Amino acid sequence: MSKPRVAVVFGGRNSEHAVSLMGAGSVLEAIDTSKYEVVPIGIAQDGRWVLAAGDQRFQIEGGELPSVDTSGASLALPTGGTGLVAYDPGSIPVELGSVDVVFPVMHGPFAEDGTIQGLLEMAGVRYVGSGVLASAVGMDKGYMKAVLAAAGLPIGRYLAIRDRDWRLGRDRIMKEAEQQLGWPMFVKPARAGSSQGISKAHDRAGLERAVEFAREHDPKVLIEAAVGGREIECAVLQSLGDDPPAASRPGEVKVEGGQEFFDFEAKYYPDQMSLTVPADIPAEVAEEVRALAVRAFEALECEGLARVDFFYTPEGELVLNEINTMPGFTSLSVAPQLWAASGLSYPELVDRLIQLALNRSPGLR
Numbered sequence: 006m007s008k009p010r011v012a013v014v015f016g017g018r019n020s021e022h023a024v025s026l027m028g029a030g031s032v033l034e035a036i037d038t039s040k041y042e043v044v045p046i047g048i049a050q051d052g053r054w055v056l057a058a059g060d061q062r063f064q065i066e067g068g069e070l071p072s073v074d075t076s077g078a079s080l081a082l083p084t085g086g087t088g089l090v091a092y093d094p095g096s097i098p099v100e101l102g103s104v105d106v107v108f109p110v111m112h113g114p115f116a117e118d119g120t121i122q123g124l125l126e127m128a129g130v131r132y133v134g135s136g137v138l139a140s141a142v143g144m145d146k147g148y149m150k151a152v153l154a155a156a157g158l159p160i161g162r163y164l165a166i167r168d169r170d171w172r173l174g175r176d177r178i179m180k181e182a183e184q185q186l187g188w189p190m191f192v193k194p195a196r197a198g199s200s201q202g203i204s205k206a207h208d209r210a211g212l213e214r215a216v217e218f219a220r221e222h223d224p225k226v227l228i229e230a231a232v233g234g235r236e237i238e239c240a241v242l243q244s245l246g247d248d249p250p251a252a253s254r255p256g257e258v259k260v261e262g263g264q265e266f267f268d269f270e271a272k273y274y275p276d277q278m279s280l281t282v283p284a285d286i287p288a289e290v291a292e293e294v295r296a297l298a299v300r301a302f303e304a305l306e307c308e309g310l311a312r313v314d315f316f317y318t319p320e321g322e323l324v325l326n327e328i329n330t331m332p333g334f335t336s337l338s339v340a341p342q343l344w345a346a347s348g349l350s351y352p353e354l355v356d357r358l359i360q361l362a363l364n365r366s367p368g369l370r
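Count along the sequence shown starting at 1, add 5, and that's the number in my numbering.
No lab work stands behind these hints, which were simulated from the structure alone.
Since the structure is predicted, the reported quantities are computational estimates derived from the model, not experimental observations.
Hints are not guaranteed to be accurate.
[Stated by the list, open to error] Derived lysine-lysine pairs resembling BS3-like cross-links, with alpha carbons at most 30 Å apart:
no. : residue 1 : residue 2
1   : Lys205    : Lys259
2   : Lys8      : Lys40
3   : Lys180    : Lys205
Work the whole structure out from these sequences, hints included.
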């Protein structure tokens, strides 16, 4: 019998392009090629799909971020079937065969936000991770918080600011933010990840700068009240059968590089952060973190995997910050490390996610 064919898709048209490549490199190293046939596919910044070149670079080298090498054959995934087609100008398209499952190691807009999931649904291709709705809601932090609040989960105070609101009433918005949230505040793009476009504001001038900075990534912006305390994270994994989702042991993330908060460099450059698993918190708090993480996963109707981030305040309260439906996925990223400390190694985690995808059906389910 032929081995299941897994297409690992990475890159994308957004500011998290390089982050995607770093995760994909780890996934490609971890997949058991005696069990699966693997097809590495890159999506360039201009949207082209290409068969990954043999010398594709996946990691940061000399401070330079990786990007998709576009020298490989261009690819298309017809919406009428699961077969990949290679084509180049002036040549006859060549069918490369069907794909059993797509592993989209992708983050941010046009990737993690339901767009690629919708394309795969139209093509009838199984894929790793959450579906269109959960991916879209998980990407938009404003709607995510609305759904989490409706499910009774503890979230912090925030304002969601749309493009028209800011252009026509920035003074009103800044006054409202000051009255409702207090100083300091965190400002972030509503639909971005990897701490892209995030800054901290201590006064009105800083708030205006922070909103404009966030708007470089997304015209919709979130302003959040700062929550003091420790950063506790928990990973969630769908079960293969009908059992409820499983939660990892919680871990605590600390910034070690002198940054004021957990920014891009702290996440992806060496020696900028530390992760302690299990987190040094009371046993009953750890169990509450795990229970809340599963509730968040189910509130968004997630599938596959997710990482749920909390603040543990000095008063002993848990505040749910956000849920990430396709968290950073290098072997050194937080979610895989949480699972490794919970007894599931990185190669086992990759295999579990592929098996979950192979056992799902595209479309309504």
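Here's how the hints hold up against the structure:
As the CA atoms of Lys205 and Lys259 are separated by approximately 17 Å, the hinted pair is consistent with the 30 Å bound. Proximity of Lys8 to Lys40 is assessed by CA-CA distance (about 6 Å); at most 30 Å being required, the pair is judged to hold. A threshold of 30 Å between alpha carbons decides the hint, and for Lys180 with Lys205 the separation of about 17 Å falls inside it, so the pair holds.
Of the numbered hints stated above, none is contradicted by the structure.
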